[in-house]
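A.B. asks: What follows is each chain in one-letter form.
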Amino acid sequence: MSELVLSLSDESAPAGDEMILNMGPQHPSTHGVIRFIVRTDGEVMSSAEPDVGYLHRAIEHIAEKCTYEAFMPYTDRVDYVCAMTANHAWASAVEKLGRLPVPPRAHYLRVISDELNRISSHCIALGAMAMDLGAVTPFPYALREREHVNDLLEELCGARLTYNYHRVGGVGWDLTDAWRDKVLRFLDHFEPVIAEFDRLITHNEIFVRRLAGLAVIGRDEAIAHGLVGPNLRASGVAFDLRADLPYATYADILPKISWKTPVGRGAAGRVGDAWDRFWLRVEEWRWSVRIVREALDQIQGTPRGEILIAPKRFKPRGDALARVEAARGDMACYVVGDGGPNAYRARFRTGSFNAMGLVREKSRGLMVADLVALIASLDIVAPEIDR
Amino acid sequence: MSARAAIGPCGRVGLVIVGVLVALAIAAAVTAPAASAAEEPPGPVREAWVRDVSPTKLERGDRLVVELEAGAPRGPAYVILRRPPGPAAAAAPLVLRAQALGDGRVVADIDASVEARVGRDVRWPVVAVEVALIDTGHGDVWAATGGQRVWRGAPGDTYELDFFPRTVRGLTGDVAAALGPRAARHPAAVTLAVMIGVALLILLLVAPATGLLVVWERKIAGRMQSRFGPNRVGPAGWLQWLADALKLIRKEDLIPLDADPLLFRLAPYLAWAGIFATFVVLPLSEFAIVADLNIGVLYLTSVTTFTVIGIVMGGWASNSKWSLLGGMRSAAQIISYELPASIALLSVVVAAGTLSPQAIVRAQGGLPQDWFVFRSPFTFVAFFIYFISALAEGNRTPFDLPEAESELVAGFTTEYSGFRWSIFSLAEWTNIYVMSAIVATVFLGGWNVPFVTAEAVAASAVWRAASLGVMLAKVALLSFVVIWIRWSLPRFRVDQMMSLCWKWLLPTGLAMFMASTAWTWVDAAAPRLGVAVRWATFMLGGVGLFAVFVRRVVRTFRATPLLHAGARQFTLPLFERRLEKR
Amino acid sequence: MTERELNAGPATPLSPRAIFERLAASASDDGVLTFEDEAAGEGHAGARDACVRLAAAAAATLPGVMKRLRDDPALAFDFLQNLTAVDWIKRDVIELVYHLFSYAHRHTIALKVDLPRAVPRVASLAALWPSANWMEREQFDLLGVVFEGHPDLRRLLMPDDWAGHPMRKDYREAKAYRGMPTTRPSPLDLLQSFDRAHATGPAAVRETATGPAPPSDATKGGAGA
Numbered sequence: 126m127s128e129l130v131l132s133l134s135d136e137s138a139p140a141g142d143e144m145i146l147n148m149g150p151q152h153p154s155t156h157g158v159i160r161f162i163v164r165t166d167g168e169v170m171s172s173a174e175p176d177v178g179y180l181h182r183a184i185e186h187i188a189e190k191c192t193y194e195a196f197m198p199y200t201d202r203v204d205y206v207c208a209m210t211a212n213h214a215w216a217s218a219v220e221k222l223g224r225l226p227v228p229p230r231a232h233y234l235r236v237i238s239d240e241l242n243r244i245s246s247h248c249i250a251l252g253a254m255a256m257d258l259g260a261v262t263p264f265p266y267a268l269r270e271r272e273h274v275n276d277l278l279e280e281l282c283g284a285r286l287t288y289n290y291h292r293v294g295g296v297g298w299d300l301t302d303a304w305r306d307k308v309l310r311f312l313d314h315f316e317p318v319i320a321e322f323d324r325l326i327t328h329n330e331i332f333v334r335r336l337a338g339l340a341v342i343g344r345d346e347a348i349a350h351g352l353v354g355p356n357l358r359a360s361g362v363a364f365d366l367r368a369d370l371p372y373a374t375y376a377d378i379l380p381k382i383s384w385k386t387p388v389g390r391g392a393a394g395r396v397g398d399a400w401d402r403f404w405l406r407v408e409e410w411r412w413s414v415r416i417v418r419e420a421l422d423q424i425q426g427t428p429r430g431e432i433l434i435a436p437k438r439f440k441p442r443g444d445a446l447a448r449v450e451a452a453r454g455d456m457a458c459y460v461v462g463d464g465g466p467n468a469y470r471a472r473f474r475t476g477s478f479n480a481m482g483l484v485r486e487k488s489r490g491l492m493v494a495d496l497v498a499l500i501a502s503l504d505i506v507a508p509e510i511d512r
Numbered sequence: 088m089s090a091r092a093a094i095g096p097c098g099r100v101g102l103v104i105v106g107v108l109v110a111l112a113i114a115a116a117v118t119a120p121a122a123s124a125a126e127e128p129p130g131p132v133r134e135a136w137v138r139d140v141s142p143t144k145l146e147r148g149d150r151l152v153v154e155l156e157a158g159a160p161r162g163p164a165y166v167i168l169r170r171p172p173g174p175a176a177a178a179a180p181l182v183l184r185a186q187a188l189g190d191g192r193v194v195a196d197i198d199a200s201v202e203a204r205v206g207r208d209v210r211w212p213v214v215a216v217e218v219a220l221i222d223t224g225h226g227d228v229w230a231a232t233g234g235q236r237v238w239r240g241a242p243g244d245t246y247e248l249d250f251f252p253r254t255v256r257g258l259t260g261d262v263a264a265a266l267g268p269r270a271a272r273h274p275a276a277v278t279l280a281v282m283i284g285v286a287l288l289i290l291l292l293v294a295p296a297t298g299l300l301v302v303w304e305r306k307i308a309g310r311m312q313s314r315f316g317p318n319r320v321g322p323a324g325w326l327q328w329l330a331d332a333l334k335l336i337r338k339e340d341l342i343p344l345d346a347d348p349l350l351f352r353l354a355p356y357l358a359w360a361g362i363f364a365t366f367v368v369l370p371l372s373e374f375a376i377v378a379d380l381n382i383g384v385l386y387l388t389s390v391t392t393f394t395v396i397g398i399v400m401g402g403w404a405s406n407s408k409w410s411l412l413g414g415m416r417s418a419a420q421i422i423s424y425e426l427p428a429s430i431a432l433l434s435v436v437v438a439a440g441t442l443s444p445q446a447i448v449r450a451q452g453g454l455p456q457d458w459f460v461f462r463s464p465f466t467f468v469a470f471f472i473y474f475i476s477a478l479a480e481g482n483r484t485p486f487d488l489p490e491a492e493s494e495l496v497a498g499f500t501t502e503y504s505g506f507r508w509s510i511f512s513l514a515e516w517t518n519i520y521v522m523s524a525i526v527a528t529v530f531l532g533g534w535n536v537p538f539v540t541a542e543a544v545a546a547s548a549v550w551r552a553a554s555l556g557v558m559l560a561k562v563a564l565l566s567f568v569v570i571w572i573r574w575s576l577p578r579f580r581v582d583q584m585m586s587l588c589w590k591w592l593l594p595t596g597l598a599m600f601m602a603s604t605a606w607t608w609v610d611a612a613a614p615r616l617g618v619a620v621r622w623a624t625f626m627l628g629g630v631g632l633f634a635v636f637v638r639r640v641v642r643t644f645r646a647t648p649l650l651h652a653g654a655r656q657f658t659l660p661l662f663e664r665r666l667e668k669r
Numbered sequence: 012m013t014e015r016e017l018n019a020g021p022a023t024p025l026s027p028r029a030i031f032e033r034l035a036a037s038a039s040d041d042g043v044l045t046f047e048d049e050a051a052g053e054g055h056a057g058a059r060d061a062c063v064r065l066a067a068a069a070a071a072t073l074p075g076v077m078k079r080l081r082d083d084p085a086l087a088f089d090f091l092q093n094l095t096a097v098d099w100i101k102r103d104v105i106e107l108v109y110h111l112f113s114y115a116h117r118h119t120i121a122l123k124v125d126l127p128r129a130v131p132r133v134a135s136l137a138a139l140w141p142s143a144n145w146m147e148r149e150q151f152d153l154l155g156v157v158f159e160g161h162p163d164l165r166r167l168l169m170p171d172d173w174a175g176h177p178m179r180k181d182y183r184e185a186k187a188y189r190g191m192p193t194t195r196p197s198p199l200d201l202l203q204s205f206d207r208a209h210a211t212g213p214a215a216v217r218e219t220a221t222g223p224a225p226p227s228d229a230t231k232g233g234a235g236a
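From first to last, the protein sequence lines stand for chains V, Z and P.
Just so we're aligned, residue 126 is where the first sequence starts under my numbering, counting upward by one.
Just so we're aligned, residue 88 is where the second sequence starts under my numbering, counting upward by one.
Just so we're aligned, residue 12 is where the third sequence starts under my numbering, counting upward by one.
Hints may be right or wrong, so weigh each one.
What the hints assert, rightly or not - In silico BS3-like cross-links for lysine-lysine, where the CA-CA straight-line distance does not exceed 25 Å:
hint: 1; chain 1: P; residue 1: Lys180; chain 2: V; residue 2: Lys190
hint: 2; chain 1: V; residue 1: Lys221; chain 2: P; residue 2: Lys123
hint: 3; chain 1: P; residue 1: Lys101; chain 2: P; residue 2: Lys123
hint: 4; chain 1: P; residue 1: Lys186; chain 2: V; residue 2: Lys190
hint: 5; chain 1: V; residue 1: Lys440; chain 2: P; residue 2: Lys180
hint: 6; chain 1: V; residue 1: Lys440; chain 2: P; residue 2: Lys101
hint: 7; chain 1: V; residue 1: Lys440; chain 2: P; residue 2: Lys186
hint: 8; chain 1: V; residue 1: Lys190; chain 2: P; residue 2: Lys101
hint: 9; chain 1: V; residue 1: Lys307; chain 2: V; residue 2: Lys440
Stated by the list, open to error - A partial selection of chain Z residues facing chain V, derived with a Cβ cut-off under 8 Å:
hint: 10; residue: Thr484
hint: 11; residue: Asp487
hint: 12; residue: Ser575
hint: 13; residue: Pro577
hint: 14; residue: Arg578
hint: 15; residue: Phe579
hint: 16; residue: Arg580
hint: 17; residue: Val581
hint: 18; residue: Thr647
As the list claims (entries may be wrong) - Covered, in the sense of this in silico footprint (three residues per stretch, anywhere, with C-beta under 8 Å from a C-beta of chain V), are these stretches of chain Z:
hint: 19; segment: 305 to 317
hint: 20; segment: 400 to 414
The set of hints was computed from the structure by calculation and includes no laboratory data.
Just so you know, even glycine gets a beta-carbon here, dropped at the ideal spot from N, CA and C.
Sequences and hints are given; from them, build the entire structure.
C.D. replies: Here it is as structure tokens:
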């Protein structure tokens, strides 16, 4: 088995005093089963080569084996930390493929569930990042809030992690007035908690020093390497799919809350450093709260119960690409149909996949402790990379 | 990099402060009034002073050596120890038969008769020493002989003598005496037995205390994270440590195949020994100290270095890259932070004038303004320097790189499991007690009971028990602060940790040490200025900082809402009932 | 409404046809590039996004075309957002679909090229867009498309010594991988054989009871109050 270690692109014999360290696939802070082959000289790394594929479950292959509608639960597993947006990506792609109509209430429900899931996904991202840097306390704080969101989503669709909530043509369940009130109460509770979280960790001197100026990713570099989502915005590119290529009902919601795309400002060090990526996700928390409030307000103008227009005998031929703004960035779903009930080809291009491609370059010259901070700041999760 | 850039701004400011103070000290010394003319002894023995007396800690079998300034008599002599007249001191001086050796020294034996006259574990704080060549029994030898053949101590020259202090050696003597004449013929065996006995006693008392600290830490951590800590095993969870200890003892003894067989097994015990050996000199109360070494502080800083050996040994002998990395990091960290820690302690040692822990405690008072931390701004800064360095030496967050779970799995303890791991863990948590005890002793007044003087504490059993309570309360409070810091802050990276030590703490520490030394002169020369600065430091540093802290806590409490209206904002992390009976 | 990052001049999103015309006009490769417009079928018959198709015979000109797409200031496609390889086994081609996006102008285009299924080779675009690096590795891994000039073409998701390209339509998994069998008995078969072996299982119980209660109807889409 030792030959498996040496799957390096460059020659694997360590040079001089270099040490080859194996980080993962079981490791407390690789955010899933990912393996890094780290060559270090003391504390400073000369390279950190990612070795992915430990969580490859052939989801794209499975898409060819089940019908478009039946594939929905599998999309949860494409990114189980933010499963709603993965559902949404698949539903959007198939609906675009078949030019299927979707009732507006379903769009609002999609927006609400997406944003709630974004809140809970960022709870994991920010809490885990703080914990990776040694501050254990913010993680239970964030998880406590995530539990509230999990409870809300469980009441909505029956599941806490892999929701299978969106459908081809709408969503699965409608909301009730009681649930709406609970969500509003949660949002009222959550906003000051964001401020508390900021006081606890975001502006903590040691935390800032660890992250300021770390792994600065410039604007052009971010675009060329395909970074998306919060990573891209932290590098200074003001692009958010919800605002710039709106889908669902974002075009109605965002103007009402005076949306302004949050962009990294380099407040701690330089634009595009790890702290900016952390801070940007905290900002996204704030914006998600406002979006959900507005959506819960606007949804009352849509007729109850009309949440799904299920296609019958759905056998489309053609192809379609749909993009949604997932928690980890722009998730693109490309689906090809050949006239059968199953998809002919499904492809998910996820934000973590592109971010992982950047790690090797960025890790040169960093220390081992910084590698952990880098991965955490890019919010990389294994299921998105491997699918 | 130029030296100037390497020192850092704190060092430069510190040097300026030191320069100013040195100038002040020189000015004070120059302008201080000359020593008042002593009452001149009449007669030809004007220069016959007693120069020095040693040792000041007298145990059975010691020889008291008095050195004379001039004149070298030979033959029998008498050493007279006088205490100042006062309500507590008996008027009669202690006269010891001595022998003048002819080279300026007079030697007296301290034996059982002395002990019978003085008593065990007695301290005479102000003793004037005289040497006479005739025996007058008692009374004023000077007057009786017209000043002939008498050597006196210089006016104001007094000594502090400890008679038969409680030490292991003394204890050994007692045990040997109790066991009878046969035991007295094997003193080494008796000494060994006594030492092992004392070590076991320390272990028996400290290990459960450490276990309680572990549970308390988990409860505090839980409360800080909106959850309970352990609350099932034992009353409100307080026996969790026992369950964990029993489980760890029963675990399989795993040793990696390629690990060094001897060093891997030895490492935890070295780390543990370094910490436990410090309990010998920790003054937990006026009476509860195993050995009041007069080099106590030096002993503390040197014996804790065993821990480094244990950690590096454990890291290397595990034959694992992660362990090695952790061990190296830890060695670099601990060795680096030894320096500012020792220097900060020395700042206080200079102010106290002694390395002995009990003496340092006695030099302080019970109330905060009498503590060394507020003695001058320099010792105030030294307090923070020592506290930070002690955190680093104990591998506590924010300096817990050697065991950074998220990076190194478990650092140098990766390959350790079961009982061996529990020894490492025991060492680490006991170190919290040790560092808290050292801080409390050196900076925060130790076992001094508020509003009670040290002599009164020594005299009364009630106050002695209270002193134990005071010291334990201070240790508990400081341990709480250490735990609090751990669960609030992220950790430093290795280069940040090193630069903090070498560029900031060490230059500042050196500056504080030199300033504190200079301040000792200034304080002695201008005591009113010393008192004023002391009170200024107390008001600004102590009361002021505390007020700022309280205000911030109140503001944060007010700004933080609770999800459930009926919940309490603050509960003591001590007693939580089980949520439901099972 | 939103801030816009401007590369060169104002953001002017072009329609796919306009993109194609500009692309075709910028070089003299007539016939190589064709435009397939968006098509919507009736009912659920499916729809097709607009795309630019590169003739299969001219697959070697792909890097040049891509470079023009990236560098032309009016096109400015700075983000290779998706690369998919589709295995059309009936047509004996592997179709590569490149989706490009421009942050400057906020327009999208898809570019498709067919490769012969037996020898699917095409030039790598990793030099143009670093994001292509891993995407090409993945398509190589799963479908066997060889990207010439790729700096590091190894398998990405599958183990390095895996045989075959799993997303191909004619892929059959080997019976074992490094000694580990790749099939296992169906859990249903196992359960049923267990039940048959032990007659006190559900089959026996059903005969004695009055009959199982009908499963409760969990309707979806009707929870609105």
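A.B. asks: Now, for every hint given, state plainly whether the structure supports it.
C.D. replies: A quick look at each hint next to the structure:
Restraint check for P/Lys180 and V/Lys190: the C-alpha separation of about 11 Å stays at or below 25 Å, so the hint holds. Proximity of V/Lys221 to P/Lys123 is assessed by CA-CA distance (about 19 Å); at most 25 Å being required, the pair is judged to hold. A threshold of 25 Å between alpha carbons decides the hint, and for P/Lys101 with P/Lys123 the separation of about 18 Å falls inside it, so the pair holds. Among the hinted pairs, P/Lys186 with V/Lys190 is consistent with the structure: their alpha-carbon atoms are about 20 Å apart, no more than 25 Å.
Annotation: proposed proximity of V/Lys440 to P/Lys180 holds, straight-line Cα distance about 19 Å (limit 25 Å). This hinted pair checks out: V/Lys440 and P/Lys101 have alpha carbons roughly 18 Å apart, not beyond 25 Å. Note on V/Lys440 and P/Lys186: the hinted pairing is violated, with a Cα-Cα distance of about 34 Å set against a maximum of 25 Å. With a C-alpha separation of about 18 Å, the suggested pair V/Lys190 and P/Lys101 falls inside the 25 Å cut-off, and the hint holds.
With a C-alpha separation of about 40 Å, the suggested pair V/Lys307 and V/Lys440 falls outside the 25 Å cut-off, and the hint is violated. Annotation: interface hint on Z/Thr484 holds; nearest CB of chain V at approximately 6 Å, less than 8 Å. With its C-beta approaching chain V no nearer than about 7 Å, Z/Asp487 sits inside the 8 Å limit, and its interface hint holds. The closest approach between the C-beta of Z/Ser575 and any C-beta of chain V is roughly 6 Å, which is under the 8 Å cut-off, so the hint is satisfied.
Here the hint on Z/Pro577 is kept, as its CB sits about 4 Å from the closest CB of chain V, short of 8 Å. Using the Cβ-Cβ criterion of 8 Å, the hint placing Z/Arg578 at the interface with chain V is satisfied: the shortest such distance is roughly 3 Å. Because the smallest distance between the Cβ of Z/Phe579 and any Cβ of chain V comes to about 6 Å, under 8 Å, the interface hint for this residue holds. The interface hint given for Z/Arg580 is met, as the beta carbon of that residue sits about 5 Å from the closest beta carbon of chain V, less than 8 Å.
Checking Z/Val581 against chain V: minimum C-beta separation of about 6 Å stays under 8 Å; hint holds. Interface hint status for Z/Thr647: upheld, as the beta-carbon distance to the closest one in chain V is roughly 6 Å, under 8 Å. Counting residues of the segment 305 to 317 of chain Z whose CB lies closer than 8 Å to any CB of chain V gives 5, so the stated coverage by that chain holds, three being the minimum. Remark: the segment 400 to 414 of chain Z is confirmed as covered by chain V, as 3 of its residues place a Cβ nearer than 8 Å to a Cβ of that chain, reaching the required three.
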